[in-house]
Amino acid sequence: MNMDEALVRATIPQDLVKVLCVEPRTRYKAEAFTEAFLKNSIKPRSCHNLKSMLTHKAVVLGYARPKKDKGKSKRAKGLNAQQKRAMKVFQIKPEHQRYELFLPLHELWRQYVIDLCNGLKPTCNPQFVQQKLLKADFHGAIITVVRSKCPSYVGATGILVQEFKHIFKIITKEDKLKVIPKRNSVFAVEVNGFVSHIYGSKFEQRASERSAKKFKVRGTIDL
Amino acid sequence: MAGQMKDKDAYQRLNYLYQAAHCVLSQNPENVELARFYCFTQKTIARRLVLRQDPSVKRTLCKKCCSLLVPGVTASTRQRRKSRKARFTVVRCLSCEQSKTLLNDPDHCLWVDRPEAQQKQPGPGPSAKKQQPKDKKPAESASSKPRAAQSRGST
Chain A
1 MNMDEALVRA
11 TIPQDLVKVL
21 CVEPRTRYKA
31 EAFTEAFLKN
41 SIKPRSCHNL
51 KSMLTHKAVV
61 LGYARPKKDK
71 GKSKRAKGLN
81 AQQKRAMKVF
91 QIKPEHQRYE
101 LFLPLHELWR
111 QYVIDLCNGL
121 KPTCNPQFVQ
131 QKLLKADFHG
141 AIITVVRSKC
151 PSYVGATGIL
161 VQEFKHIFKI
171 ITKEDKLKVI
181 PKRNSVFAVE
191 VNGFVSHIYG
201 SKFEQRASER
211 SAKKFKVRGT
221 IDL
Chain B
1 MAGQMKDKDA
11 YQRLNYLYQA
21 AHCVLSQNPE
31 NVELARFYCF
41 TQKTIARRLV
51 LRQDPSVKRT
61 LCKKCCSLLV
71 PGVTASTRQR
81 RKSRKARFTV
91 VRCLSCEQSK
101 TLLNDPDHCL
111 WVDRPEAQQK
121 QPGPGPSAKK
131 QQPKDKKPAE
141 SASSKPRAAQ
151 SRGST
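Chains as they are written, first to last, in my numbering: chain A, 1 to 223; chain B, 1 to 155.
Treat the hints with care, as some may be off.
Here are the simulated SDA-like pairs of lysine to any residue, each with C-alpha atoms no more than 20 Å apart in a straight line [stated by the list, open to error]: (1) A:135 <-> B:94; (2) A:39 <-> B:94; (3) A:84 <-> B:64; (4) A:214 <-> B:9; (5) B:64 <-> A:135.
Simulated restraints on C-beta separations [claimed, not checked]: (6) B:82 <-> A:121: 52 to 62 Å; (7) B:105 <-> A:37: 22 to 32 Å; (8) A:127 <-> B:111: 37 to 47 Å; (9) B:58 <-> A:84: 13 to 23 Å; (10) B:86 <-> A:78: 26 to 36 Å; (11) B:55 <-> A:188: 37 to 47 Å; (12) A:127 <-> B:108: 45 to 55 Å; (13) A:131 <-> B:48: 16 to 26 Å.
The hints are simulated quantities; they were obtained by calculation from the structure and are not laboratory data. All residues carry an ideal CB built from backbone N, CA and C; glycine is no exception.
Based on the sequences and whatever the hints tell you, model everything.
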């Protein structure tokens, strides 16, 4: 038994790494993967409530197999709003709301923005950077609420996890998921010394719509 | 020129979202919801700007619930045989049970890779070329995709 366990936990030998084109994962990652794999591959039993089904439901003895309709195609139709709500498609479970899990995402975001702005040197034209950031993606950025009509939002800092039409969902260092409305607030994003402010009232669109929409240069900003 | 640059931004954004979904899943394999959100955003951006995604990207997204299909984590991959010769790779999404069936054909050539696709339409030619470096980048982060390609080629 002990031997088997040791075998399972053994790391991949160096000479095999090249042949198999795999790289060993860190211990934490391997554990997380194994747990998720086991959880996903073991299906919940459907017959565990067999007894209750037998006592509470009429069982049809003369059972004819239902005819298959051939006209129906198997093409995926997507989910409707009701099914989405029932599945909770975009809701992050409370046990996954941990700040350190999102740090690699932030690192990836930094690389993305630097790549987007062609290196982002300190000599860059601020307007050019802002023009790029307008169409960029902000998932993974660390944002801070600078000004807001509601004073309790001011100073909230965290990694932006989800962006909806009227709402930013950020995760703070205290592992809390905070929901901050975009309207009537000003956010600050910091990359490599560049600090750009986002006027939330002008940003009230879905993340996907922003890339296609044109922004008006003029316009009053009141807070 | 300006149109091309704008497209580049959008492709970079799609690339980032795809990588972010992989990053989230590799950090926490059970956080399917967030990865799904990013893929959903990626899909809607591509739809709004009418950008074509590479088949290798499309094959790793669920058509029904938009989640990222990583074999063993969010999808199960099986080999199935329908007739004598034809074998299929069946990828089934574990959260919505939607499955996609891919024919194992080593000689299969995508339309983008074919020579006549490049010659006939000079307009979409550069965009197709741009897509290729784009989907090479996520391949580095996603270890699953080369594996799937290998299985498709070998069987």
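(request) Compare the structure with the hints numbered earlier in the document and write down the numbers of the violated ones, lowest to highest. (result) 1 and 5
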